[in-house]
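Build out the structure end to end from the sequences listed, making use of the hints.
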Amino acid sequence: MADSSTSMRLRLPLLCIILEVILIILFGTLVEYDQHTDAKLWNENRTSARNDYENEFYYRYPSFQDVHVMIFVGFGFLMTFLQRYGFSSVGFNFLIAAFSLQWATLMQGFVHGMHHGKIHVGVESMINADFCTGAVLISFGAVLGKTSPVQLLVMAIFEVTLFAINEFILLSLLGANDAGGSMTIHTFGAYFGLMVTRVLYRPNLNKSQHRNSSVYHSDLFAMIGTIYLWMFWPSFNSAITHHGDPQHRTAMNTYYSLAACTLSTFAFSALVNHEGKLDMVHIQNAALAGGVAVGTAGEMMLTACGSMIVGFLAGTISVLGYKYLTPVLESKLKIQDTCGIHNLHGMPGILGAVVGAVTAALATPDVYGKGLERVFGEVETGQWKPEIKGGFQAISLAVTLGMALFGGLVTGFILKLPIYGAPPDTHCFEDALYWEVPGEEEGHSELQEVASPNEMEKLSS
Amino acid sequence: MADSSTSMRLRLPLLCIILEVILIILFGTLVEYDQHTDAKLWNENRTSARNDYENEFYYRYPSFQDVHVMIFVGFGFLMTFLQRYGFSSVGFNFLIAAFSLQWATLMQGFVHGMHHGKIHVGVESMINADFCTGAVLISFGAVLGKTSPVQLLVMAIFEVTLFAINEFILLSLLGANDAGGSMTIHTFGAYFGLMVTRVLYRPNLNKSQHRNSSVYHSDLFAMIGTIYLWMFWPSFNSAITHHGDPQHRTAMNTYYSLAACTLSTFAFSALVNHEGKLDMVHIQNAALAGGVAVGTAGEMMLTACGSMIVGFLAGTISVLGYKYLTPVLESKLKIQDTCGIHNLHGMPGILGAVVGAVTAALATPDVYGKGLERVFGEVETGQWKPEIKGGFQAISLAVTLGMALFGGLVTGFILKLPIYGAPPDTHCFEDALYWEVPGEEEGHSELQEVASPNEMEKLSS
Amino acid sequence: MADSSTSMRLRLPLLCIILEVILIILFGTLVEYDQHTDAKLWNENRTSARNDYENEFYYRYPSFQDVHVMIFVGFGFLMTFLQRYGFSSVGFNFLIAAFSLQWATLMQGFVHGMHHGKIHVGVESMINADFCTGAVLISFGAVLGKTSPVQLLVMAIFEVTLFAINEFILLSLLGANDAGGSMTIHTFGAYFGLMVTRVLYRPNLNKSQHRNSSVYHSDLFAMIGTIYLWMFWPSFNSAITHHGDPQHRTAMNTYYSLAACTLSTFAFSALVNHEGKLDMVHIQNAALAGGVAVGTAGEMMLTACGSMIVGFLAGTISVLGYKYLTPVLESKLKIQDTCGIHNLHGMPGILGAVVGAVTAALATPDVYGKGLERVFGEVETGQWKPEIKGGFQAISLAVTLGMALFGGLVTGFILKLPIYGAPPDTHCFEDALYWEVPGEEEGHSELQEVASPNEMEKLSS
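Protein chains in written order, with the UniProt record's numbering: chain A, 1 to 461; chain B, 1 to 461; chain C, 1 to 461.
In short, the hints are calculated from the structure, not lab data. Among the hints, erroneous ones may be present.
It does not matter which identical chain is meant; a pair holds if it fits inside one copy or across any two.
[To be verified] With a Cα cut of at most 30 Å, we get these calculated DSS-like pairs of lysine-lysine:
(1) K40 / K385
(2) K118 / K370
(3) K40 / K370
(4) K323 / K207
(5) K416 / K334
Take a look at the structure:
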């Protein structure tokens with residue numbers, strides 16, 4: 001089935017090995033344990049006043065593990081909805097995530113601040129690397145089924161680099177808040193991926209259309225991904241906020257936003273179907289938009305009620321996007337968005353950025369008390385200008401959109417080179433191109449075993 | 001397949017939107033961040049003696065996440081064992097849980113104590129809301145496959161309200177211990193659900209009997225639910241116990257109870273089968289009874305050995321219940337209990353309440369030392385009367401049974417109104433009534449693709 | 001299908017009940033809460049200087065839960081790759097793990113130190129018991145599909161006992177470091193299991209060969225196991241290291257090792273396939289070897305770069321082992337290793353032991369500072385001889401190999417007795433022997449329902 005032009009025999013091993021060797025060399029040269037992971041440094045600083053329970057590990061590792069589950073199980077299984085692309089969905093997700101988190105450690109370290117020429121790593125850098133990986137996996141959703149693993153790794157190389165630069169501009173230069181990544185992760189990942197899939201437009205993709213859909217069991221596998229993303233999103237948004245009240249508040253705001261989002265998703269999914277039937281695509285995806293949409297404002301004093309309003313809106317626009325916008329994007333703008341990332345990450349990400357800007361513009365010392373500087377970092381007493389802060393948040397969104405679209409454009413053209421073994425139009429959404437797929441179906445093998453030819457005759461007579 | 005009377009086109013969206021709007025208004029009016037989530041309050045109270053690591057978040061959030069997994073993955077996938085009801089099992093579980101946790105926040109807040117007219121929320125209220133949701137999902141198990149999502153939401157409205165009242169009577173008025181909810185969650189949820197399904201009795205349910213069973217893969221999906229419930233039950237029972245030794249001890253007692261329960265489940269599952277074969281229904285459900293049965297006594301000095309005895313008994317009665325009691329309940333008492341919640345939550349819940357009462361009645365200051373008040377709250381030195389405490393525990397069980405049966409009766413009759421789009425007897429346990437179900441099976445689509453008509457002829461000749 | 005000789009009707013219940021009764025008696029006689037779980041002891045020791053957040057629970061319980069997930073979901077689902085053995089894979093994994101963790105608590109308690117004649121239990125003993133269980137499950141992988149549950153329980157009895165003895169020799173007598181169990185868990189479990197399966201060699205196993213393979217969906221279920229093992233391995237390796245920097249560092253080293261291992265696994269999986277296609281067996285297993293291989297050195301100052309080199313090598317040898325060594329082991333040495341545990345746990349375990357010995361031999365006070373004693377326990381200032389430490393690490397590997405092979409040999413012969421209801425050669429890898437398996441396939445039931453005979457005629461005409 002796979003002709004030689006799609007063979008991964010040499011391309012994939014070569015690329016993986018070269019990349020890993022480069023990573024190992026760069027890590028050996030540049031990466032050091034930080035104060036909380038280094039045996040010498042931690043124990044020098046540890047005094048009776050600073051005990052082991054103050055190690056960053058205990059504040060963040062449970063959140064890290066939840067994020068890790070979202071990246072590998074959440075994104076991986078969410079994409080198994082396709083009937084013949086489960087191996088690739090989970091497998092390529094696994095591969096590009098494992099690469100991206102290493103590469104992100106370096107890129108974020110380069111850009112966000114070296115310490116005496118060294119990149120310091122610990123649980124915070126691990127969370128940040130997983131976050132950056134999340135953006136790559138969002139973009140993967142747009143091109144799912146239409147790209148070779150080599151293309152995906154190449155995409156990851158560029159996207160991680162640009163992610164780190166954009167993140168640096170937002171967090172360090174513009175002083176933006178974006179703890180849960182409405183802008184840096186979701187908006188960036190979505191529009192980057194949408195631009196890549198636009199450049200890779202396949203006019204004859206309908207030749208693989210019969211495989212571009214789900215079957216009963218593949219939808220259940222996808223629900224594993226959905227539910228894990230949904231449950232752990234509070235940990236995602238709160239993973240790198242300040243200790244104490246911000247971490248606690250962010251988790252709770254996200255919890256309420258997602259709960260409200262689920263109700264609006266079910267409501268609009270039934271409403272837009274002419275028989276009133278629910279659509280698994282909406283449940284699998286739109287119910288998560290509430291997490292995306294409080295990615296910026298979640299750490300602020302958004303209130304539970306405010307979070308629920310945002311979540312409700314996010315679920316609504318996401319379902320409506322799947323129903324009415326995605327077909328238009330494909331037919332008019334030639335954007336073939338396999339997973340509908342525009343509806344799950346794109347529009348809710350922008351909503352999240354706007355909500356963040358507005359919430360920041362309304363933040364007063366009266367509401368936040370001494371906690372103001374814990375949320376908005378750079379504040380000095382008496383100098384807090386929330387409207388300026390809100391403005392910078394809005395600029396951050398614009399910068400992110402620009403970086404994502406430009407980066408996706410360039411990366412798309414690089415991925416168009418005919419050297420990566422991309423699948424032909426007739427064999428998109430098909431595992432057998434890149435995987436040894438077991439040949440027989442269980443139903444048949446069981447029948448063969450249980451019923452010999454003679455028994456079959458008896459049964460049919 | 002769905003006639004207009006079961007259409008969710010208007011009913012479900014209307015109900016969801018109205019409920020969410022009411023929730024948003026009530027949250028906006030009544031709900032405030034608590035001392036650990038409010039930026040101003042936490043930072044006012046934070047001093048050098050009270051550091052961020054004392055924020056409730058770090059004591060409870062990992063437990064909360066485990067509970068959250070049990071609610072959404074555990075309960076959701078446990079019910080996917082039905083061959084044609086996987087979408088509804090996971091999906092409706094998702095919907096009613098997302099609604100219930102919001103509604104529970106309000107109801108529990110109303111009843112358990114307002115602070116100056118406001119409900120305070122934080123990680124503890126999140127855990128309590130998830131707990132209340134658990135009771136609704138237990139009841140869902142009894143009516144699984146025979147109810148529309150609108151019916152389920154209406155059931156949740158009533159059940160959550162009564163749950164909060166019952167919980168208030170037990171914990172506040174009677175001063176009962178029930179950290180893991182043997183009474184408040186399991187006994188209440190089970191007998192409430194059993195009464196609802198009794199009122200909704202369908203004499204002609206056998207018309208859908210061929211769909212009321214599992215297939216190979218659906219049993220494996222259900223095992224995902226089972227195993228997650230089993231693994232995280234120690235976190236469930238310990239999630240809201242006092243910090244320190246009670247949380248630690250509860251988790252451990254539950255761990256041993258479940259381990260012993262698993263052995264008795266396997267033992268009796270093989271024993272009651274005339275070929276000695278294991279039954280997936282038992283493994284999926286009865287192995288969990290050990291967690292239910294130490295839900296009250298788990299925080300007490302039950303000892304590992306005591307926990308194992310309780311777990312062993314729980315597994316035994318649960319398997320025997322599935323084998324011998326469930327058929328009788330259906331044929332004699334007209335209780336159609338789809339998931340057998342009487343065996344998993346009902347009887348083990350009562351066992352747990354009894355074990356709790358006995359263990360409390362045997363508690364002495366000699367054994368608990370200064371820890372006595374950390375377990376039994378209200379104790380004043382020298383005034384500890386364990387036998388009275390045990391009596392109150394027993395009264396609590398009786399109150400719970402009464403509230404559950406009465407509440408289920410009323411709710412059942414409300415759910416009987418012919419306005420909710422309930423499935424007809426011929427289409428119970430069928431996803432296609434409420435969901436867009438992918439039409440083709442993978443095996444067939446693959447065959448079509450691999451084999452053209454000509455090839456098919458060759459194969460069959 | 002099952003003849004009487006494989007019936008579990010009496011054998012399994014008797015064994016389970018007898019074992020659990022023995023466990024309960026021994027727990028009742030010998031086991032006590034430790035200082036962190038006992039109500040009296042913890043509250044006596046609790047002072048203003050020692051608050052609840054210092055309870056071991058908060059340091060280790062999140063890690064414990066991750067380990068618990070690996071044991072029950074990770075190992076359980078990893079083995080569901082077989083097309084007709086999913087119930088047994090998850091179910092027997094569940095049974096023998098639930099038994100082993102209880103038995104391990106006793107055996108490890110006996111051997112590692114009684115306190116005034118009592119075994120003390122808390123979260124550390126729970127983690128250690130789960131670790132020991134891990135070794136049994138590794139061995140289970142070698143004999144998967146060829147053993148009855150009674151045989152597996154008997155194997156667990158012996159293996160747990162020997163595990164505890166070997167662990168005592170290594171950790172207490174030889175003072176070895178092995179926090180993540182490269183030696184005690186992986187090497188021991190692998191070579192024990194390989195020797196057992198050697199003794200149980202079945203010359204006619206090819207009669208069941210058609211069932212000894214995967215189907216599409218079973219491979220996806222197995223990926224659930226793989227991904228959970230992969231994600232939580234950092235928690236596994238760090239679960240019982242010292243508080244603070246060692247726990248933090250171990251988790252991070254494991255994270256990088258696994259990431260690098262994933263890239264080498266994909267690279268070599270494509271390279272060794274003549275069409276360049278990826279093999280699910282490699283992805284499911286070899287990608288995990290990086291966690292095994294830093295099980296000893298992970299807590300040391302291995303550096304991220306060092307971890308990546310080790311992970312890369314581990315993935316490489318593991319894939320090559322699956323491709324080239326496993327067939328030879330079967331044909332020449334008569335070792336039928338169903339899951340290929342030699343490639344996932346055996347060789348990477350030995351690699352991990354060697355890496356640990358070398359890293360220990362290179363450890364200097366200059367690098368570790370005051371943290372040296374936190375990693376290498378027994379160090380006194382000025383007396384640190386790393387090369388001797390490295391030697392003891394190497395001796396530990398030799399001891400482990402000897403204990404495992406000897407223990408496996410004896411246990412294998414005990415398991416060979418014809419009294420356990422082992423499956424006949426014709427019915428290996430078959431759930432129906434020990435389970436009530438639902439008879440019909442979903443595809444067919446759906447067809448029957450949707451299309452009546454008349455409709456079928458119309459469709460086919």
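Hint check against the structure, violated hint numbers in rising order:
Per hint list: zero violations.
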